[in-house]
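Participant: The residues making up each chain are set out below.
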Amino acid sequence: MFGEKVIELIKEAERNPDTMDPFNDEKLRQILEEMQLLFKMNMNDANATSENRSLWTTVQVRHAALERNKRCLLAYLYSRMNKIKTLRWEFGSVLPPDIRELLSDEEYQWFSKYSTNLATYMRSLGQDIGYSGIDLTENLKPPKSLFIEVLCVVDYGKLELEDGDVIMLKKNSRHFLPTSECQTLIRQGVLKQIT
Amino acid sequence: MDFNDQIESSGDEEEITAEAVLKTLYNAWQNERLSPEILPHCNEMVECMLGQIQHMERNINKLPKTDLRASIHKMELSRIKYIICNYLRARLCKIEKHCIPIINEERQRIESGTNYLTPSEYKYAQEYLLNMEGHFKSVVLDKVPGNMQTFEMNKMAIYPNLQSHVFLKANETVNGVVLDLPGEQDEEIDLEEGSQHILLYKPVADLVKSGKVQLI
Amino acid sequence: MDNNYLSISDILVTNEKVPCKFLHDLPKMGFLDPSAAEDDLKAGSNVEIPLWLSESLYSRRPPLVSVELPKIYKDAYREILNADACTVDMHKLGQYFYEFGCYISKHDIKGEVGSTLINTFRQRFRMLLSASVSRDSLIALQPLSASERQRASAASKTEQALLDWLHSGDCVLTTANMVANHRKRKRAEMEMV
Amino acid sequence: MDPYEIEFIGENRLVSVIPNFTYDKIYLICGEFGPFRAGLPMNVPLWLAVMLKQKQKCRIVPPDWMDIDALETIKEAEKTSRFFTKMPNEHYMVEAKLILGAAAEDIPRAGEIKTIIKDIWDIRMSKLRTSMDTLMKSGGSYGRLDHLTMMEINSVKPLLPSAMDDLLRIQSMAKKTIQPSLNTSSFSQSGSSQNI
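Protein chains in written order, with UniProt numbering: chain A, 1 to 195; chain B, 1 to 216; chain C, 1 to 193; chain D, 1 to 196.
Treat the hints as calculated values from the structure; they're not laboratory data.
Model, not experiment: these values are computed from the prediction.
Be a bit skeptical, because a hint or two may be false.
No more than 25 Å apart at the CA atoms, straight line, and that leaves these computed lysine to any residue pairs for SDA-like [what the hints assert, rightly or not]:
| hint | chain 1 | residue 1 | chain 2 | residue 2 |
| --- | --- | --- | --- | --- |
| 1 | A | LYS192 | C | SER9 |
| 2 | D | LYS137 | B | GLN185 |
| 3 | A | LYS85 | B | ALA157 |
| 4 | D | LYS79 | C | ARG126 |
| 5 | A | LYS83 | A | VAL59 |
| 6 | B | LYS81 | A | SER145 |
| 7 | B | LYS23 | B | MET75 |
| 8 | D | LYS157 | C | ASN119 |
| 9 | D | LYS157 | C | HIS107 |
| 10 | A | LYS141 | C | SER9 |
| 11 | B | LYS212 | D | LYS79 |
| 12 | A | LYS113 | B | THR118 |
| 13 | D | LYS157 | B | LYS74 |
| 14 | A | LYS85 | B | ASN154 |
| 15 | D | LYS86 | C | ASN177 |
| 16 | B | LYS123 | A | ASN82 |
| 17 | B | LYS202 | D | LYS79 |
| 18 | A | LYS141 | A | PHE176 |
| 19 | B | LYS74 | A | LEU151 |
| 20 | A | LYS83 | C | ASN3 |
| 21 | A | LYS170 | A | GLY157 |
| 22 | B | LYS137 | A | MET43 |
| 23 | A | LYS5 | C | SER9 |
| 24 | C | LYS17 | C | LEU162 |
| 25 | C | LYS28 | B | GLN52 |
| 26 | D | LYS157 | B | VAL177 |
| 27 | B | LYS81 | A | GLN193 |
| 28 | D | LYS157 | C | ALA161 |
| 29 | B | LYS81 | C | ASN119 |
| 30 | C | LYS42 | A | SER54 |
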């Protein structure tokens, strides 16, 4: 009632800072119900303060608890928002279905809006001088060499290179590729750099 | 083949070489990465470099694939692309985190023509905040009791910590920088050209923006 | 140490319990005192309540509670801390020693909590230094407070990155963090099935 | 920043190479280099030197400072001085790592040089740790750090600045409550500046 339940959500957020947990619908619903209950109690007591003035203090204390619950819920949402942003940068604009499942419907909507906003921004880059935008999810590390040797980790299929060549990325196949054209696949875990 | 491109600038301004622009962009990138707050944008420099890249890429395509010069140019271009992407990402990161104070301050700066954000960045910030507000509302705020449903901008604002410590190198001598230290009398220090220090960001924020010191 | 509204760590700090004495009757709030049976909380009751609540009750005019110092900030512990702060196991005694202390220090009329915090922070900095280069990081991290642990692990990450750089050749491109974690977890789940 | 980013910055420094091919000048955005004359030394950025070396297109000329005697002198000075001494090169570690990594055969007594540079680095790193502790104990709000290279400065991030940030916050919170007449703190708050 007084912030005990909501702190479990906060601890959930703190426990796994680098992984996405499923959205805790059930707990959110319980806490919102609790809040409605506290609010109802407050309404009743507020009406009774003319008879018992000290009830007013009780109302204020409950209100503090309501505010605490709200703060925690928003902080929980916010910490997930930050993780969802990372998903956009790391997986791209299309989430694998098993990741998608971890988000609530509203969160997925937020993800799409974030993704669209980001895409709009990236498309605007260099537009004045005839660019069709710049993908900021690339060039994440200082370049070291133009070509690297990679191992394919999954059966990915065809990859068309800038020069028009098409290669087949099959599990356990090795390739020598332009760094610029395989960095995204490496980030997504399709390829692995061999050193 | 002529790779010797100078940037043509209009009017009576001095002609700045691409080399000089690149150097400035390096410094701006480093400062942006290391300062707690967002710094004035360097869009002209970014666009200038993008133009150079574009031009160079066209020329590279005329070279045989295996030409040594083509690889050298490609390598340089990927280095420049790296800085540009990294620089813009660092800015987006701050814009997202501090969107509320940034938008508020930017509104005033736009009025006085001293904006820090590019128009696209400003648009991005506004849209980001709108989406955040929408999300908070639909999941939590719309479902809490009626008297607490507002999105309280002041509370949600996350300010950059200007009271954080940074490392810097003085590009020129600056005398009498006042360190505002708690529980002590204000201490003044001199930053001699070339000297390096760790100190509070706030008293040197303007020196960073004017290029008198470089964050390291 | 950030205390903005949406900060998870500040929420955890303000969830810590503080011993308080209630100065006025509080109708229907008896449940706050587990030892009391009545519906109402009586003036004079001593109860441990979370910091966020004590802050709110204390800030009313007149204050509804008087706040007592948690024992880690009292004379006995302060003496130990001022003598040698490095011997204290903060993980056991005060996970949020500094952050909690910053909130608590205003209730210390003698003003000694503040100086103990500063002194302790300065003394224990060398524990972070050694933890960051320690080979057995688990043991080195054990006696540290939550924020000290965080800082020490950030420092050892820096240290590790530097060692990797010194010893390796090229900058290897790697799978993104979230992607890799997700894979790992998925693998673990599959193994459990 | 990541050490590779510092390396990236250091890679812009010029080093001397002797190409084994002949080409006209090359006009890069970061400047013009050449003409390349087989057998004649010329300056190029470090990244380009390493690239040419990997393609076996050049020899790297050992930088002046990569010399056993000079380095021994530096090592002795570093050992005896309380402060950090000036390094022959602002990115000495980056240059050493890249050149000795890619072109060890071009550097006379490369193995010994590697060892001395590593010794100097270790002496400085341990001095750096001691200085950090002294700085935190004696004030923790300002420090001067001349002659530290970027890679070395980077090695104390985020530990040192973030500790200074938190100390400042604690101090400003404590200041709000500590009344001057009651301030019985046993340690001195003066002398906050610290030379390291």
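Participant: Now look at each hint and say whether the structure bears it out.
Facilitator: Against the structure, the hints come out as follows:
1. For the proposed pair LYS192/A and SER9/C, the alpha carbon gap of about 36 Å is over 25 Å, so the pair is violated.
2. Restraint check: the Cα-Cα separation between LYS137/D and GLN185/B comes to about 19 Å, which is no more than 25 Å; the hinted pair holds.
3. With a CA separation close to 18 Å, the supplied pair LYS85/A and ALA157/B stays within the 25 Å bound.
4. Under the criterion of a C-alpha separation no larger than 25 Å, the hint pairing LYS79/D with ARG126/C is consistent with the structure, at around 22 Å.
5. Taking the CA atoms of LYS83/A and VAL59/A, the gap is near 37 Å; set against the 25 Å cutoff, the hint is violated.
6. Between LYS81/B and SER145/A, the direct Cα distance comes to roughly 14 Å. Compliance with the 25 Å bound is thereby established for this hinted pair.
7. For a cut-off of 25 Å, the pair hint linking LYS23/B to MET75/B stands: about 17 Å separates their Cα positions.
8. With a C-alpha separation of about 22 Å, the suggested pair LYS157/D and ASN119/C falls inside the 25 Å cut-off, and the hint holds.
9. With a C-alpha separation of about 34 Å, the suggested pairing of LYS157/D with HIS107/C is violated against the 25 Å cut-off.
10. For the given pair, LYS141/A sits about 30 Å from SER9/C by alpha-carbon distance, which is inconsistent with the 25 Å threshold.
11. For the hint pairing LYS212/B with LYS79/D, the CA-to-CA distance comes to about 33 Å; that exceeds 25 Å, so the pair is violated.
12. For the given pair, LYS113/A sits about 21 Å from THR118/B by alpha-carbon distance, which is consistent with the 25 Å threshold.
13. Of the supplied pair hints, the one linking LYS157/D and LYS74/B is violated, its CA atoms being roughly 33 Å apart against a limit of 25 Å.
14. Between LYS85/A and ASN154/B the CA atoms are separated by roughly 23 Å; this keeps the pair inside 25 Å, and the hint holds.
15. Pair hint LYS86/D plus ASN177/C does not hold up; C-alpha atoms about 39 Å apart against a cutoff of 25 Å.
16. Simply put, LYS123/B and ASN82/A have alpha-carbon atoms about 20 Å apart, close enough for the 25 Å limit, and the pair holds.
17. A threshold of 25 Å between alpha carbons decides the hint, and for LYS202/B with LYS79/D the separation of about 36 Å lies outside it, so the pair is violated.
18. About 19 Å separates the Cα atoms of LYS141/A and PHE176/A, which keeps this hinted pair within 25 Å; it holds.
19. A C-alpha spacing of about 24 Å is found between LYS74/B and LEU151/A, which places the hinted pair at or below 25 Å, so the restraint holds.
20. Between LYS83/A and ASN3/C the alpha-carbon distance is near 20 Å, which keeps this suggested pair within the 25 Å criterion.
21. Between LYS170/A and GLY157/A the CA atoms are separated by roughly 6 Å; this keeps the pair inside 25 Å, and the hint holds.
22. The suggested pairing of LYS137/B with MET43/A holds, with an alpha-carbon distance near 23 Å, which does not exceed 25 Å.
23. For the given pair, LYS5/A sits about 17 Å from SER9/C by alpha-carbon distance, which is consistent with the 25 Å threshold.
24. Straight-line distance between C-alpha atoms of LYS17/C and LEU162/C comes to about 41 Å, which puts the hinted pair past the 25 Å bound.
25. Taken as a hint, the LYS28/C and GLN52/B pair is broken in the structure, with Cα atoms around 73 Å apart against an allowance of 25 Å.
26. Our distance criterion of 25 Å between C-alpha atoms is met by LYS157/D and VAL177/B, whose separation comes to about 24 Å.
27. Of the supplied pair hints, the one linking LYS81/B and GLN193/A holds, its CA atoms being roughly 21 Å apart against a limit of 25 Å.
28. Distance restraint check for LYS157/D and ALA161/C: the Cα-Cα separation of roughly 12 Å lies within the 25 Å cut-off, and the hinted pair is therefore satisfied.
29. With a CA separation close to 47 Å, the supplied pair LYS81/B and ASN119/C exceeds the 25 Å bound.
30. Straight-line distance between C-alpha atoms of LYS42/C and SER54/A comes to about 12 Å, which keeps the hinted pair within the 25 Å bound.
Hints 1, 5, 9, 10, 11, 13, 15, 17, 24, 25, 29 from the list above are not met by this structure, while the remaining hints are.
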